[in-house]
Amino acid sequence: MKPARSLPGFVLPSLAAAVLLAAAVASLFFGRVNISPAELWAGIVSPHASLAGVVVTELRLPRTVLAIIVGAALGLSGAVLQGLLRNPLAEPGLLGVTNGAALGAVIAIYFGLAHVFALATPVLGLAGAMGAGALTFAFGRTSSLTLILAGAAVSSLMAAFLAMALNFAPSPYAAYEMSIWMLGSFSEKSWDHVLLAAPFIVAGMAILSSMGRAIDALTLGEAQAESLGVAVDRTRVLVLLGVGLSVGAATSVVGSVGFIGLVAPHLVRPFVGHQPSRTLLPSALLGAALLLLADIGTRVIHTNTELRLGVITSLIGAPFFFWLLLRLRKLAP
Amino acid sequence: MTRLCATNLSVRRGGRAIVDDVSCALEGGSFVAVVGANGAGKSTLLSVLAGLLAPDDGAVSLDGTLLPRLARRELARRRAYLPQSPRAEWPIAVERLVALGLTPQLPAFGGLPGRLEPLLTEALTACDLAGHRLQPATTLSGGELSRAMLARALIGDPQVVIADEPIAGLDPRHALDTVTRLQGLAGQGRLVVTALHDLTLALRFSTHLMALKAGRLAAFGPTARVLTAGLLREVFEVEARISGDGAQAYVDYLGPSGAER
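Respectively, the protein sequence lines represent chains P and W. Note that the first sequence ends on residue 334 in this note's numbering; no numbers are left out. Note that the second sequence ends on residue 1687 in this note's numbering; no numbers are left out.
The reader is advised that the hints may include incorrect statements.
Said to hold, decoys possible - Each pair of labels, with its calculated beta carbon distance range: (1) P:88 - W:1606: 55 to 65 Å; (2) W:1483 - P:319: 34 to 44 Å; (3) P:116 - W:1539: 34 to 44 Å; (4) P:55 - W:1498: 54 to 64 Å; (5) P:146 - W:1498: 32 to 42 Å; (6) W:1538 - P:40: 25 to 35 Å; (7) P:181 - W:1511: 46 to 56 Å; (8) W:1533 - P:140: 31 to 41 Å; (9) P:19 - W:1498: 36 to 46 Å; (10) P:88 - W:1533: 22 to 32 Å; (11) P:210 - W:1606: 36 to 46 Å.
Unchecked claim - Just a sample of chain W residues kept apart from chain P, beta carbon distances all over 10 Å, derived: (12) 1446; (13) 1515; (14) 1552.
Stated by the list, open to error - A short list of chain W residues far from chain P (calculated; beta carbon distances all over 12 Å): (15) 1511; (16) 1537; (17) 1607.
It should be emphasised that the hints constitute simulated quantities derived from the structure, not laboratory data. Predicted, not measured: the structure shown is a model, and the values here were computed from it. All C-beta atoms, glycine included, are put in the ideal place defined by N, C-alpha and C.
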């Protein structure tokens, strides 16, 4: 019988960290403003203000930092949710917070608040995510099944309101702005966005990172996990809170970005012997690297209209989903 | 001596009593077989005894301390619980599955500390799993998986082992093997409580028998004294003959009891 493969503990995280670092450096040197790497480097190290320096520190650096924390939040949330629900198809959008954030942001655009103050969109997005998360909690906290069902119900409710907002958009331009916002993007993101989202993302990720033991024990099912001293109900609530904070904040700042949270855990799982707790750190690192690469893609692929982030992640993620289905079909009897 | 005491336990669901006023005192060194027809409340009673389900009435205490007063991890260290047909949800290696039994002993982060490694080897050897150590748990056969789950339950050296139908779905050899192991645990001074459907195995291996009928305790006491044709007529509504004794004892079912025809 083939032994379960697994690499020594530090190999995969180091590898993922190396990919992430390379992607981060690349992210600083690629962009729509065409400046040579040498000029950029000179701009970074020189104490005097220069165009190249400003491009890096005010445009590309915040964008890179944001992509890293958002990608890490999505990857970690996906890994924890798949472990909690023992469902390989679980992803952060499952709990309704993604659509909740989108609804909040779209409301901000609908009423033109985004033109009154710049951060209205992400702030309302955050409120929407928290509202949706609270609703999922209220209806779904009793069991894993009700959590999934409540998440689906809240997601559809938010989607219904989103459709309504588009339907009654005050102008065609507003409708366009809403739908393009939902496709996700890192362009025009500043340090303000990073500062707004980071505290929530970090708090959410801190909660999720502490779930390792619990989701490991859940490998044996809920009854055995409970018998091993894991408070399964409490775990469910904490995961919802962690995902709500981190993914809610992430979505409200950059829009809906699909598939990162679904794909990242699957890519690392075979290399850590399928142990849920060991997928957490590598999934977060890989999620960050994947999202950075996708963002670099939106910058280097030249199109007339900006290629949106959500489009790239879905174009790459959906075929992966098919592959996953084929693989699961092969494993199932 | 370990002592698990239940007083006046009742569990009600939808207006119906699933466990109805059950009291018993179980002691270390006994192998208690819980028998009863389908739906008699065996699984519910075991969950309550394990402290996983709060009874609507009554209380369970372990060595004099009420279960809700024990810290979760403390209770987890002292009693092991195996549900009906336990399974692994991810293809993790057998050694990792067994090591999950040490969850209440582990710090919040990190792998298995080196000082606990010998326990793992010991548990794997005790359950004849040394050769399957790195095999994905999802590829184990039914008998191997049940041994792995038993090793998982034993690795933390619990005082009380509660197993819900540990031999369901096992062939005769593996069923015998499992029951022998459980008997061995009781022989070492632990309290073993299991739901069993195989009355011949219960008769040969268990020291005590607890019979449930519609949630009520129909009989409780040393197996040899309690397990009689009369009890089987009352609890299972079958005519049965009990012959032989010791390792040759067996239960034969003759047919449904007259009252039911």
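Against the structure, the hints come out as follows:
| no. | hint | in the structure |
| --- | --- | --- |
| 1 | P:88 - W:1606: 55 to 65 Å | 37 Å, violated |
| 2 | W:1483 - P:319: 34 to 44 Å | 54 Å, violated |
| 3 | P:116 - W:1539: 34 to 44 Å | 58 Å, violated |
| 4 | P:55 - W:1498: 54 to 64 Å | 55 Å, holds |
| 5 | P:146 - W:1498: 32 to 42 Å | 23 Å, violated |
| 6 | W:1538 - P:40: 25 to 35 Å | 52 Å, violated |
| 7 | P:181 - W:1511: 46 to 56 Å | 51 Å, holds |
| 8 | W:1533 - P:140: 31 to 41 Å | 35 Å, holds |
| 9 | P:19 - W:1498: 36 to 46 Å | 40 Å, holds |
| 10 | P:88 - W:1533: 22 to 32 Å | 28 Å, holds |
| 11 | P:210 - W:1606: 36 to 46 Å | 44 Å, holds |
| 12 | 1446 | 23 Å, holds |
| 13 | 1515 | 4 Å, violated |
| 14 | 1552 | 19 Å, holds |
| 15 | 1511 | 10 Å, violated |
| 16 | 1537 | 6 Å, violated |
| 17 | 1607 | 18 Å, holds |
Violated hints for the displayed structure, listed by number in ascending order: 1, 2, 3, 5, 6, 13, 15, 16.
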